[in-house]
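If you read the sequences in order, they're chains A and B.
Counting along the first sequence from 1, when you hit position 199 you're at 202 in our numbering, and nothing is skipped either side.
Counting along the second sequence from 1, when you hit position 327 you're at 330 in our numbering, and nothing is skipped either side.
Worth flagging that the hints you see were computed from the coordinates, not collected in a lab.
Careful: at least some of the hints might be erroneous.
No distinction is drawn between identical chains; accordingly, a pair holds when it is met within one copy or between any pair of copies.
Stated by the list, open to error - Computed cross-link-like contacts, DSS-like style, restricted to lysine-lysine with a CA-CA straight-line distance of at most 30 Å:
1) LYS360 <-> LYS22
2) LYS479 <-> LYS401
3) LYS336 <-> LYS360
4) LYS336 <-> LYS25
5) LYS22 <-> LYS91
6) LYS173 <-> LYS216
There are 2 protein chains.
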Amino acid sequence: MSTAAAGTPPVTVDTLNPKVLKCEYAVRGEIVTHAQNLQQELQKNPDSLPFDEILYCNIGNPQSLGQQPVTYFREVLSLCDHPALLDKSETHALYSSDAIERAWQILDKIPGRATGAYSHSQGIKGLRDEIAAGIAARDGFHASGDNIFLTDGASPAVHMMMQLLIRSEKDGILCPIPQYPLYSASIALHGGSLVPYFLDEETGWGLEVDELKKQLEEARSKGITVRALVVINPGNPTGQVLAEENQKKIVEFCKNEGLVLLADEVYQENIYVEDKQFHSFKKIARTLGYTDDDLPLVSFQSVSKGYYGECGKRGGYMEVTGFSPEVREQIYKVASVNLCSNVSGQILASLVMNPPKAGDESFESYMEERDGILSSLARRAKALEEAFNSLEGITCNKAEGAMYLFPRLHLPQKAIGAAQAAGTAPDAYYAKRLLEATGIVVVPGSGFGQVPGTWHIRCTILPQEDKIPAIISRFKEFHEKFMDEFRD
Amino acid sequence: MSTAAAGTPPVTVDTLNPKVLKCEYAVRGEIVTHAQNLQQELQKNPDSLPFDEILYCNIGNPQSLGQQPVTYFREVLSLCDHPALLDKSETHALYSSDAIERAWQILDKIPGRATGAYSHSQGIKGLRDEIAAGIAARDGFHASGDNIFLTDGASPAVHMMMQLLIRSEKDGILCPIPQYPLYSASIALHGGSLVPYFLDEETGWGLEVDELKKQLEEARSKGITVRALVVINPGNPTGQVLAEENQKKIVEFCKNEGLVLLADEVYQENIYVEDKQFHSFKKIARTLGYTDDDLPLVSFQSVSKGYYGECGKRGGYMEVTGFSPEVREQIYKVASVNLCSNVSGQILASLVMNPPKAGDESFESYMEERDGILSSLARRAKALEEAFNSLEGITCNKAEGAMYLFPRLHLPQKAIGAAQAAGTAPDAYYAKRLLEATGIVVVPGSGFGQVPGTWHIRCTILPQEDKIPAIISRFKEFHEKFMDEFRD
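Let's have the full structure, built from the sequences with the hints guiding it.
Here is the structure:
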């Protein structure tokens with residue numbers, strides 16, 4: 004007897020893959036759907052709500068809030084999309100000469116100059132070599148294009164590694180809490196166990212190796228095979244930048260415990276404090292004398308972050324070192340099943356890892372755009388942090404890097420009670436009320452994980468600088484009313 | 004005790020996800036790696052091999068073999084990548100006026116005109132609406148942008164559906180044999196069971212509903228829950244175009260048996276025979292009177308195929324109809340975890356579904372490019388088919404559509420013996436010998452599946468037309484020598 008004959012629809016939520024049902028992705032979750040509905044309402048009836056626009060501070064999406072792309076990068080992409088332009092004299096009136104030269108160089112790296120062809124499954128070899136040269140210049144240690152896998156942003160790269168490493172729920176991945184929900188979602192989708200380690204809010208979201216050890220032992224005692232450690236540096240949603248000494252201890256820990264180190268380094272250009280610098284985990288490992296034979300290490304990078312913020316281009320790469328040739332072959336195979344990442348994204352990844360140099364025609368304007376964005380982000384981070392810290396019942400660590408603040412909400416018992424009555428987590432309740440009062444969209448801390456009984460929100464630092472004062476005053480006004488309503 | 008202390012490397016092939024190990028992807032498999040090695044050899048030492056170039060007939064990658072992109076599409080992409088051009092008068096000297104107008108229209112559909120922002124998880128709403136309008140114009144039935152999910156090519160869309168539908172190896176997906184190995188790979192990666200149905204080579208790769216029924220019953224008798232039927236139309240690797248009556252029976256079969264119909268329609272523009280036409284399965288279902296409530300149906304489309312062949316752009320979509328809102332929400336969630344597909348690919352998908360119209364400035368040159376490519380492909384398909392059929396021990400069905408021929412090799416027993424002695428399948432042995440003698444890369448039939456005891460190769464029709472005579476003569480010469488060597 005057929006299913007249909009029995010009257011059951013072929014597919015219901017109950018007959019979907021339960022791993023999909025289990026997966027959650029707060030950054031685009033319920034609160035965002037609610038915001039989109041309010042936005043539609045606002046379009047239909049502009050006076051219906053107590054604000055005139057929705058401010059999406061839920062996601063690291065700089066250009067959606069008005070950040071302009073870097074001109075040089077877009078010139079090169081535009082030329083590579085339409086190479087016939089390169090033969091025309093009029094082109095020089097519209098494009099800078101070094102962008103034209105760079106487009107030629109890139110086309111020469113592409114077999115047949117065919118930007119519309121599937122590339123090698125790892126990405127175009129010449130572009131991978133250029134990225135490797137950029138990594139070597141950054142780190143002072145050799146890098147090889149053979150170790151680069153170009154991907155459509157960092158997310159598919161993370162999925163790929165989870166798919167390779169996770170066999171069952173008995174395989175665990177050590178992840179920071181709070182974490183970027185891509186990790187929890189990907190681990191859930193691939194059926195593994197997230198083994199949490201807690202960042203210490205008191206010490207500026209410190210990552211303590213003792214905590215890693217404790218959680219590793221605890222997972223092992225439950226029969227979990229811990230396969231990898233995820234570190235996000237600079238941190239998301241927490242914004243801390245790890246100290247070099249700390250990174251060394253983390254590398255030693257992975258080496259001693261036989262863990263793959265999955266290093267999310269997509270915010271490597273986003274550092275806002277004088278006393279901190281970005282060091283890649285590969286540089287740290289090589290500084291310690293570890294070679295390719297000692298430690299499996301994957302570094303994720305993306306064109307979506309940094310000062311470029313090219314989220315829509317979906318470019319990125321992972322640098323894969325320390326695996327056997329046989330394992331590498333399996334990574335290659337999984338990459339092959341999707342053929343290749345998009346070639347424009349590949350080109351852009353090579354550009355961000357090898358931007359204009361001093362002496363190039365575009366160098367000065369490029370540096371002006373770059374530094375303008377980064378210094379503005381630093382000012383925005385500081386202004387928002389100070390604003391949060393000025394409010395009753397909110398404490399907020401500095402954003403040393405990345406694109407987010409993760410303030411803690413010390414909520415009155417009455418507010419917690421109101422949330423419970425509404426059947427929602429207290430931080431989700433707060434975020435919903437904030438949205439409905441101000442149009443500001445933030446993500447409740449519960450989407451990232453937090454120490455039980457503490458409550459947070461993640462707020463990006465990305466609204467354009469001229470809007471920050473208004474955002475702060477809207478936020479303050481809301482928060483004060485909220486506290487007045489619920490103060491114990 | 005830690006793993007490392009015990010001396011085992013953290014990751015070996017034996018400790019990888021066994022589903023990854025099980026997955027195979029012949030289109031980029033062993034023979035291609037061998038070809039890449041020969042190509043490197045050829046670069047170092049041009050006289051070392053009996054040919055002077057490698058001809059990649061293993062993969063549907065038109066632009067890698069010299070096909071030029073459609074000018075209008077690339078103009079629009081180039082402008083959207085660098086919108087600052089749109090304000091400059093010099094731009095009119097380089098771009099056609101309707102491409103400029105179209106770029107404006109597209110930018111107006113993108114919130115904030117931000118082509119560098121993450122879009123809605125399903126893709127930019129205005130572009131989805133344009134695609135839906137294109138589908139409606141093609142089919143004569145309503146289509147909705149809300150049902151479109153834009154993806155980085157068709158492959159991630161197929162993975163997404165497999166991930167949703169497959170819970171365990173007890174869930175089966177009916178797939179044609181021969182099939183495009185994306186399906187077997189994706190089913191393996193998600194841990195399901197491929198339930199094969201055989202296409203009938205005798206009747207031009209006919210798809211018989213009796214065969215579907217037989218295989219469905221057999222799978223059910225083994226305790227497999229068959230969840231979906233994959234149909235590839237036009238066929239890959241088999242090139243047949245289904246007749247309307249046949250499609251109706253397939254739709255009825257899915258409806259009666261409670262199966263999701265997964266319709267791979269990426270070759271919808273590639274039809275080479277007068278007496279056949281493409282009909283989408285959604286059109287067939289609506290013609291039969293079935294609505295959204297009757298039948299879950301997913302149609303996959305890609306910018307990589309057709310006359311455009313923009314593989315490197317990774318654009319595509321799936322049109323999803325007939326699922327409950329709750330199931331749709333889960334599809335949306337999985338799409339969200341990867342944020343969005345690349346925006347250039349999204350724009351290109353909207354262009355191929357809504358190309359220039361009569362009266363537009365670019366219309367004539369566009370039609371000339373389009374028809375030039377399609378008619379040349381038809382001639383190449385015919386020339387190669389006739390060549391294959393002229394050879395001893397080869398029979399080859401017509402390529403009515405798609406980009407491939409799938410000739411059957413009636414190999415002498417001695418050749419089969421030689422393959423066995425070399426520890427390889429007879430068709431893989433033949434493909435390797437062909438590559439080493441001629442530089443022509445084809446994929447052994449075993450990578451697609453075939454009736455046991457039959458042997459095939461898949462060869463694309465994509466080498467440029469002026470090269471076809473030389474390819475045919477190289478192929479003939481090789482084949483005759485091969486037969487002379489092994490004739491029983």
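Verification of the supplied hints:
no.: 1; hint: LYS360 <-> LYS22; result: neither (47 Å within a copy, 46 Å between copies)
no.: 2; hint: LYS479 <-> LYS401; result: within (19 Å within a copy, 72 Å between copies)
no.: 3; hint: LYS336 <-> LYS360; result: neither (36 Å within a copy, 42 Å between copies)
no.: 4; hint: LYS336 <-> LYS25; result: both (27 Å within a copy, 11 Å between copies)
no.: 5; hint: LYS22 <-> LYS91; result: neither (54 Å within a copy, 51 Å between copies)
no.: 6; hint: LYS173 <-> LYS216; result: within (18 Å within a copy, 39 Å between copies)
The structure fails to meet hints 1, 3, 5 from the earlier list, while all remaining hints are met.
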